[in-house]
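Undergrad: Starting from the known structure of chain A, arrange chain B on it as the hints suggest.
Here is what each chain is made of, one letter per residue.
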Amino acid sequence: GAVVSQHPSWVICKSGTSVKIECRSLDFQATTMFWYRQFPKQSLMLMATSNEGSKATYEQGVEKDKFLINHASLTLSTLTVTSAHPEDSSFYICSAAPGTYNEQFFGPGTRLTVL
Amino acid sequence: AQSVSQHNHHVILSEAASLELGCNYSYGGTVNLFWYVQYPGQHLQLLLKYFSGDPLVKGIKGFEAEFIKSKFSFNLRKPSVQWSDTAEYFCAVNAGNTDKLIFGTGTRLQVFP
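Each protein sequence line maps, in turn, to chains A and B. Okay, so the first sequence: first residue is 117 according to this note's numbering, each after it adds one. Okay, so the second sequence: first residue is 4 according to this note's numbering, each after it adds one.
Isolated chain A, as found in the complex (with noise of 0.2 Å):
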């Protein structure tokens, strides 16, 4: 049980461009989702915080413009990189909790890479 899933698992774009990521939980209603960015041989760090139906708690320093986050339903989230530069390459990674302070449950990631 308790399965994340992301989609697509890697993605490639052209500079300028917007690129979607779903992150779904498969066989649980997630209350939490959280959006984290992890840098080659780096840590994962947060970048929000996406409750459903409420607007994303974003970390200092992120761009809720450029990194919009829609948690449309209990078992949804989404992640859009608006204008996509090459310094939004990256590896994305989702994680879903069940419920307030409960275990995160992680996506595989999906790899963008912006040309």
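It should be emphasised that the hints constitute simulated quantities derived from the structure, not laboratory data. Some clues are possibly wrong.
Lysine-lysine pairs mimicking DSSO-like chemistry, simulated, CA-CA at most 30 Å apart [stated by the list, open to error]:
#, chain 1, residue 1, chain 2, residue 2
1, B, 74, B, 61
2, B, 72, A, 136
3, B, 74, B, 64
4, B, 52, B, 74
5, B, 74, A, 182
6, B, 103, B, 61
7, B, 64, B, 103
8, B, 61, A, 182
9, B, 74, B, 103
10, A, 157, B, 64
11, A, 157, B, 61
12, B, 72, A, 171
13, A, 130, A, 171
14, A, 180, A, 130
15, A, 157, A, 180
16, A, 157, B, 52
17, B, 52, B, 64
18, B, 103, B, 72
19, A, 130, A, 182
20, B, 61, A, 180
21, A, 182, A, 157
22, B, 61, B, 72
23, A, 171, A, 136
24, B, 52, B, 103
25, B, 74, A, 157
26, A, 136, A, 180
27, A, 136, A, 157
Only a predicted model underlies this, so the values are computations on that prediction, with no experimental measurement involved.
TA: Frame of chain A, contents of chain B only:
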């Protein structure tokens, strides 16, 4: 601000050797503590967690960790590693009143047969 330190960035061991990976955090209040593992090409998986109770926590695959509050530490141990333990290990903390996880920088473990 909360932070998590993992002092060992890269550990190389032979099979059957004992393992201890350090993890220290900075936060004075109640914390929940986690160790996650990321096998090559796979997603993060939970090894073990501490919320309260017995400070010696046993996890999957023979791993255990000990929470020492006075040292702000949560070191991961395994008495005898296997080649299949080769992976990246992340310590993570969340303060007792938040959902956010703060991750350490990770330790890359390589186990040679």
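Undergrad: Compare the structure with each hint and give your call.
TA: Verification of the supplied hints:
1. B:74 / B:61: holds (20 Å)
2. B:72 / A:136: Roughly 42 Å separates the two Cα atoms, so the pair is violated.
3. B:74 / B:64: Within the cut-off at roughly 26 Å; holds.
4. B:52 / B:74: holds (18 Å)
5. B:74 / A:182: violated (40 Å)
6. B:103 / B:61: Status holds; Cα separation ~23 Å.
7. B:64 / B:103: Given that 30 Å is the threshold and the Cα spacing comes to 26 Å, the pair holds.
8. B:61 / A:182: Given that 30 Å is the threshold and the Cα spacing comes to 41 Å, the pair is violated.
9. B:74 / B:103: holds (22 Å)
10. A:157 / B:64: holds (24 Å)
11. A:157 / B:61: Given that 30 Å is the threshold and the Cα spacing comes to 27 Å, the pair holds.
12. B:72 / A:171: violated (35 Å)
13. A:130 / A:171: holds (28 Å)
14. A:180 / A:130: holds (21 Å)
15. A:157 / A:180: holds (25 Å)
16. A:157 / B:52: holds (24 Å)
17. B:52 / B:64: holds (14 Å)
18. B:103 / B:72: Judged against 30 Å, a Cα distance of about 20 Å means the pair holds.
19. A:130 / A:182: Holds, at about 16 Å.
20. B:61 / A:180: violated (40 Å)
21. A:182 / A:157: The hint holds at about 24 Å.
22. B:61 / B:72: Status holds; Cα separation ~17 Å.
23. A:171 / A:136: holds (17 Å)
24. B:52 / B:103: holds (15 Å)
25. B:74 / A:157: Given pair residue 74 of chain B, residue 157 of chain A holds - Cα atoms ~27 Å apart, limit 30 Å.
26. A:136 / A:180: With Cα atoms ~15 Å apart, residue 136 of chain A and residue 180 of chain A stay inside 30 Å; holds.
27. A:136 / A:157: Holds - the C-alpha atoms of residue 157 of chain A and residue 136 of chain A are around 24 Å apart, at most 30 Å.
The structure does not agree with the numbered hints 2, 5, 8, 12, 20 stated previously, though it agrees with the rest.
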